[in-house]
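Number of protein chains: 4
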Amino acid sequence: MLEALKAEVYQANLELPDRGLIKYTWGNVSAFDSESQLFVIKPSGVDYDEMKPEDMVVCNLDCEVVEGDLRPSSDMPTHAVLYKKFGDIGSVVHTHSPWATTWAQSGLAVPAMGTTHADTFYGDIPCARFLTTEEINKNYEYETGNVIVETFDEKGINPQEVPAVLLHGHAPFIWGESCDKAVMNAVVLEEICKMNIFTRQLNPFAETLPKAILDKHFERKHGKNAYYGQQ
Amino acid sequence: MLEALKAEVYQANLELPDRGLIKYTWGNVSAFDSESQLFVIKPSGVDYDEMKPEDMVVCNLDCEVVEGDLRPSSDMPTHAVLYKKFGDIGSVVHTHSPWATTWAQSGLAVPAMGTTHADTFYGDIPCARFLTTEEINKNYEYETGNVIVETFDEKGINPQEVPAVLLHGHAPFIWGESCDKAVMNAVVLEEICKMNIFTRQLNPFAETLPKAILDKHFERKHGKNAYYGQQ
Amino acid sequence: MLEALKAEVYQANLELPDRGLIKYTWGNVSAFDSESQLFVIKPSGVDYDEMKPEDMVVCNLDCEVVEGDLRPSSDMPTHAVLYKKFGDIGSVVHTHSPWATTWAQSGLAVPAMGTTHADTFYGDIPCARFLTTEEINKNYEYETGNVIVETFDEKGINPQEVPAVLLHGHAPFIWGESCDKAVMNAVVLEEICKMNIFTRQLNPFAETLPKAILDKHFERKHGKNAYYGQQ
Amino acid sequence: MLEALKAEVYQANLELPDRGLIKYTWGNVSAFDSESQLFVIKPSGVDYDEMKPEDMVVCNLDCEVVEGDLRPSSDMPTHAVLYKKFGDIGSVVHTHSPWATTWAQSGLAVPAMGTTHADTFYGDIPCARFLTTEEINKNYEYETGNVIVETFDEKGINPQEVPAVLLHGHAPFIWGESCDKAVMNAVVLEEICKMNIFTRQLNPFAETLPKAILDKHFERKHGKNAYYGQQ
Numbered sequence: 001m002l003e004a005l006k007a008e009v010y011q012a013n014l015e016l017p018d019r020g021l022i023k024y025t026w027g028n029v030s031a032f033d034s035e036s037q038l039f040v041i042k043p044s045g046v047d048y049d050e051m052k053p054e055d056m057v058v059c060n061l062d063c064e065v066v067e068g069d070l071r072p073s074s075d076m077p078t079h080a081v082l083y084k085k086f087g088d089i090g091s092v093v094h095t096h097s098p099w100a101t102t103w104a105q106s107g108l109a110v111p112a113m114g115t116t117h118a119d120t121f122y123g124d125i126p127c128a129r130f131l132t133t134e135e136i137n138k139n140y141e142y143e144t145g146n147v148i149v150e151t152f153d154e155k156g157i158n159p160q161e162v163p164a165v166l167l168h169g170h171a172p173f174i175w176g177e178s179c180d181k182a183v184m185n186a187v188v189l190e191e192i193c194k195m196n197i198f199t200r201q202l203n204p205f206a207e208t209l210p211k212a213i214l215d216k217h218f219e220r221k222h223g224k225n226a227y228y229g230q231q
Numbered sequence: 001m002l003e004a005l006k007a008e009v010y011q012a013n014l015e016l017p018d019r020g021l022i023k024y025t026w027g028n029v030s031a032f033d034s035e036s037q038l039f040v041i042k043p044s045g046v047d048y049d050e051m052k053p054e055d056m057v058v059c060n061l062d063c064e065v066v067e068g069d070l071r072p073s074s075d076m077p078t079h080a081v082l083y084k085k086f087g088d089i090g091s092v093v094h095t096h097s098p099w100a101t102t103w104a105q106s107g108l109a110v111p112a113m114g115t116t117h118a119d120t121f122y123g124d125i126p127c128a129r130f131l132t133t134e135e136i137n138k139n140y141e142y143e144t145g146n147v148i149v150e151t152f153d154e155k156g157i158n159p160q161e162v163p164a165v166l167l168h169g170h171a172p173f174i175w176g177e178s179c180d181k182a183v184m185n186a187v188v189l190e191e192i193c194k195m196n197i198f199t200r201q202l203n204p205f206a207e208t209l210p211k212a213i214l215d216k217h218f219e220r221k222h223g224k225n226a227y228y229g230q231q
Numbered sequence: 001m002l003e004a005l006k007a008e009v010y011q012a013n014l015e016l017p018d019r020g021l022i023k024y025t026w027g028n029v030s031a032f033d034s035e036s037q038l039f040v041i042k043p044s045g046v047d048y049d050e051m052k053p054e055d056m057v058v059c060n061l062d063c064e065v066v067e068g069d070l071r072p073s074s075d076m077p078t079h080a081v082l083y084k085k086f087g088d089i090g091s092v093v094h095t096h097s098p099w100a101t102t103w104a105q106s107g108l109a110v111p112a113m114g115t116t117h118a119d120t121f122y123g124d125i126p127c128a129r130f131l132t133t134e135e136i137n138k139n140y141e142y143e144t145g146n147v148i149v150e151t152f153d154e155k156g157i158n159p160q161e162v163p164a165v166l167l168h169g170h171a172p173f174i175w176g177e178s179c180d181k182a183v184m185n186a187v188v189l190e191e192i193c194k195m196n197i198f199t200r201q202l203n204p205f206a207e208t209l210p211k212a213i214l215d216k217h218f219e220r221k222h223g224k225n226a227y228y229g230q231q
Numbered sequence: 001m002l003e004a005l006k007a008e009v010y011q012a013n014l015e016l017p018d019r020g021l022i023k024y025t026w027g028n029v030s031a032f033d034s035e036s037q038l039f040v041i042k043p044s045g046v047d048y049d050e051m052k053p054e055d056m057v058v059c060n061l062d063c064e065v066v067e068g069d070l071r072p073s074s075d076m077p078t079h080a081v082l083y084k085k086f087g088d089i090g091s092v093v094h095t096h097s098p099w100a101t102t103w104a105q106s107g108l109a110v111p112a113m114g115t116t117h118a119d120t121f122y123g124d125i126p127c128a129r130f131l132t133t134e135e136i137n138k139n140y141e142y143e144t145g146n147v148i149v150e151t152f153d154e155k156g157i158n159p160q161e162v163p164a165v166l167l168h169g170h171a172p173f174i175w176g177e178s179c180d181k182a183v184m185n186a187v188v189l190e191e192i193c194k195m196n197i198f199t200r201q202l203n204p205f206a207e208t209l210p211k212a213i214l215d216k217h218f219e220r221k222h223g224k225n226a227y228y229g230q231q
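Chains as they are written, first to last, in the UniProt record's numbering: chain Y, 1 to 231; chain C, 1 to 231; chain P, 1 to 231; chain V, 1 to 231.
Derived by calculation from the structure, the hints in this document are not laboratory data.
Incorrect hints may appear among the rest.
[Said to hold, decoys possible] For lysine-lysine, the following BS3-like pairs were computed, each having C-alpha atoms within a straight-line distance of at most 30 Å:
{"id": "1", "chain 1": "C", "residue 1": "Lys-221", "chain 2": "V", "residue 2": "Lys-52"}
{"id": "2", "chain 1": "V", "residue 1": "Lys-84", "chain 2": "C", "residue 2": "Lys-216"}
{"id": "3", "chain 1": "C", "residue 1": "Lys-84", "chain 2": "C", "residue 2": "Lys-138"}
{"id": "4", "chain 1": "V", "residue 1": "Lys-84", "chain 2": "C", "residue 2": "Lys-221"}
{"id": "5", "chain 1": "V", "residue 1": "Lys-52", "chain 2": "V", "residue 2": "Lys-84"}
{"id": "6", "chain 1": "P", "residue 1": "Lys-85", "chain 2": "V", "residue 2": "Lys-221"}
{"id": "7", "chain 1": "V", "residue 1": "Lys-138", "chain 2": "C", "residue 2": "Lys-216"}
[Stated by the list, open to error] Now the stretches of chain Y that chain P is said to cover, found in silico as 3 or more residues with beta-carbon under 8 Å:
{"id": "8", "segment": "168-175"}
{"id": "9", "segment": "207-220"}
Small disclaimer: the values here were computed from a predicted structure and weren't measured.
Glycine residues also receive a C-beta, built at the ideal position from the N, C-alpha and C atoms.
Chain Y extracted, bound-state conformation (with noise of 0.2 Å):
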């Protein structure tokens, strides 16, 4: 089942390691299937040189796997709970890359500094609390996904608008419509976050983008006055 969808997963795991975002297995990407309410993973720990698109393993909203020989990746449980919250998303990515971890490690929102943010993320990329020990042992991974949506929740951020979070002491997770375009936003994550620490040091009384700005940019990529690209 959802074969067009398992070579897609498949295809965007490769890209994690060819796009210098993780090492090893250090990170997944699944996506949704709106129809069956269905997600497709990256089974738990395999290595990518001998995993194949047929691998890739197929999930419900509550945690439970419909099918696959594996075991999907333990963070899945973040992923169906994703899915379930914030409504229209297509694909979720979490790496360890390292400018944006080393953010995830500081505790701290990545503030929009300049346009390359303002052309994916609408304003602050939030930062999420550590998890209670009480978290930590009920469910660690479903538990991981609640505080993620809280976050949103509490701060009234529009997932749509700003498709990633840091978890404190932990790294990002990234969403977009497709597995192409939550890796793209990882990537412009990464990017952003590298640019962000270093513009901190070199004037740290560097200002946020003037609203105006953050506003144009965002809309000539996003909603129907979007004007870039091919249409």
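Put chains C, P and V on the given structure of chain Y with help from the hints.
Quick look at chains C, P and V alone, frame taken from chain Y:
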């Protein structure tokens, strides 16, 4: 029309990711034909793997498409203004290369700290101001060009001697007599932006290059007394 | 003798430059055969392009060459001490990878700032003290091994739980159950050393990982309750 | 004449971009033939893709071209002075490698912070002063050589023991007994310049390497008691 120039512009655009200046389609190169007063530019948001030389778009200095089935780069009007106002420029490049973009985000000019800088840029590389909300809402990309020209005018900088600018909160624009030269200038800019951040960190009191060395190195490669290279 | 292990050690040594951990011949990998109580190590200073599996040198725990036409790595005695004292170790790796070496030069332990660390290292990665002049002049490489063992003893760290050490003013040693695992641990160390430098710069008050998350991530991949991967 | 040496110099020049030490043609390697007292150097500003071994230029110690259709590197007189004054040097390398250039821009000597340094450089790598305006206007490249020699003389540094120098506001010159060795020394310099910047940032109070370890590591690889490698 302008088939040779289209091939050149096509190649120069492919060079941007190869030289680590951009990811995905986050940049564009154009080239100017002084005889016809037209310029050739990359189409907007087309995947580099699928892009062909004949996809390049021909525009005039009034920002009109003269030939081409695809939309030109959304930054096209900025290119038009630079060709119109800066006189003898053969090619314009725009990238979001990370170190130059970091300086652009910091809002600071790039000082001449070494001969790597002086070999290409005769003095500070300026950072243009944020556009006003009015300018953003009028014709963003066209006004971006105007702000660049204003910067060079106000500071009395000769764009032939300093072939690059940073846009505050955005990224660099770079130019040169040919596509090859403009791309090379973009590489030099990226390299000195990287080195200068760390020069400052290593020694906050590091002196800028003495005027006599700046002159020497710029003149070694430019003007009638140049003696670098084979002629 | 030990032909299969020689092939493994040979491959692992080639992996060091491929993974960006070393330049030229600035590193070495060995592997231990518990049955014969012998270990196989790279020869000293041989160009990787010319090195062959049969060039690997077989040594015993008394630092004697048992088989091989070439001199073993000059760091051989350090490997011998680690196999002798740390019990169940299958492979030892030495690199001068830049970020880990930067921490070694700084003389500081690497704190657990995130789950990338916790997935592999259960707590701080210690930095061993400088050798005394006497130790240096006695048997430098052997005493280096002793100082590593002393460090783990004094701090009460289990080398199975923290499979790496920094040598002050020198570089890291890393180990693992197999060559593959030891090289992977060297990659993790390099990555966290890079991220932790910038985490501190971004937020000097960044908290280390809460104990409950450290436990969770280490136990996800190690011990009887591990549930990462396919078994 | 000197065809074998030309081939060696040609190869060493190609190695500079391959090892990430230069971009475009921003560097040069030469090699000295002690019998004829001539040296072979790269031509000025020739694209590496088009350059051939027979394009290498032969010069004498009076900075005259003895053979070759192309102009020699504009830095040729600096090379000549080093061969003339530093005695037993087989090859000279000039690069604008980013981390070494960053130190050169900062005007600071590179301290010996670790054994990666001590394996190649016996103590601080000095930074030569800015040239005076008079020196710049007289014979810039020749005077650059003189200032390097002056630096080693005044500080009492043996150029055989510290085979590199930084030029303030410019970049490094590196040398060695052969092209291979000089390029390798350039790689070591680049690596330690990178690591030392971050060592200082990580721990501003980081100690330089104790004298006994500096001695040990330098002597492990140099002089009559060397025991690294296969002889």
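Structure-based check of all given hints:
For the hint linking C:Lys-221 to V:Lys-52, the alpha-carbon distance of about 23 Å falls within 30 Å, and the restraint holds. Annotation: proposed proximity of V:Lys-84 to C:Lys-216 holds, straight-line Cα distance about 25 Å (limit 30 Å). For the given pair, C:Lys-84 sits about 19 Å from C:Lys-138 by alpha-carbon distance, which is consistent with the 30 Å threshold. With a C-alpha separation of about 27 Å, the suggested pairing of V:Lys-84 with C:Lys-221 holds against the 30 Å cut-off.
Using a Cα cut-off of 30 Å, the hinted pair V:Lys-52 and V:Lys-84 holds, with the two alpha carbons roughly 27 Å apart. With a C-alpha separation of about 29 Å, the suggested pair P:Lys-85 and V:Lys-221 falls inside the 30 Å cut-off, and the hint holds. Our distance criterion of 30 Å between C-alpha atoms is met by V:Lys-138 and C:Lys-216, whose separation comes to about 11 Å. Coverage of the segment 168-175 of chain Y by chain P holds in this model, with 3 residues showing a Cβ closer than 8 Å to a Cβ of that chain against a need of three.
Requiring three or more residues with a Cβ within less than 8 Å of a Cβ of chain P, the coverage given for the segment 207-220 of chain Y is violated, as only 0 such residues are present.
Of the numbered hints stated above, the single one contradicted by the structure is hint 9.
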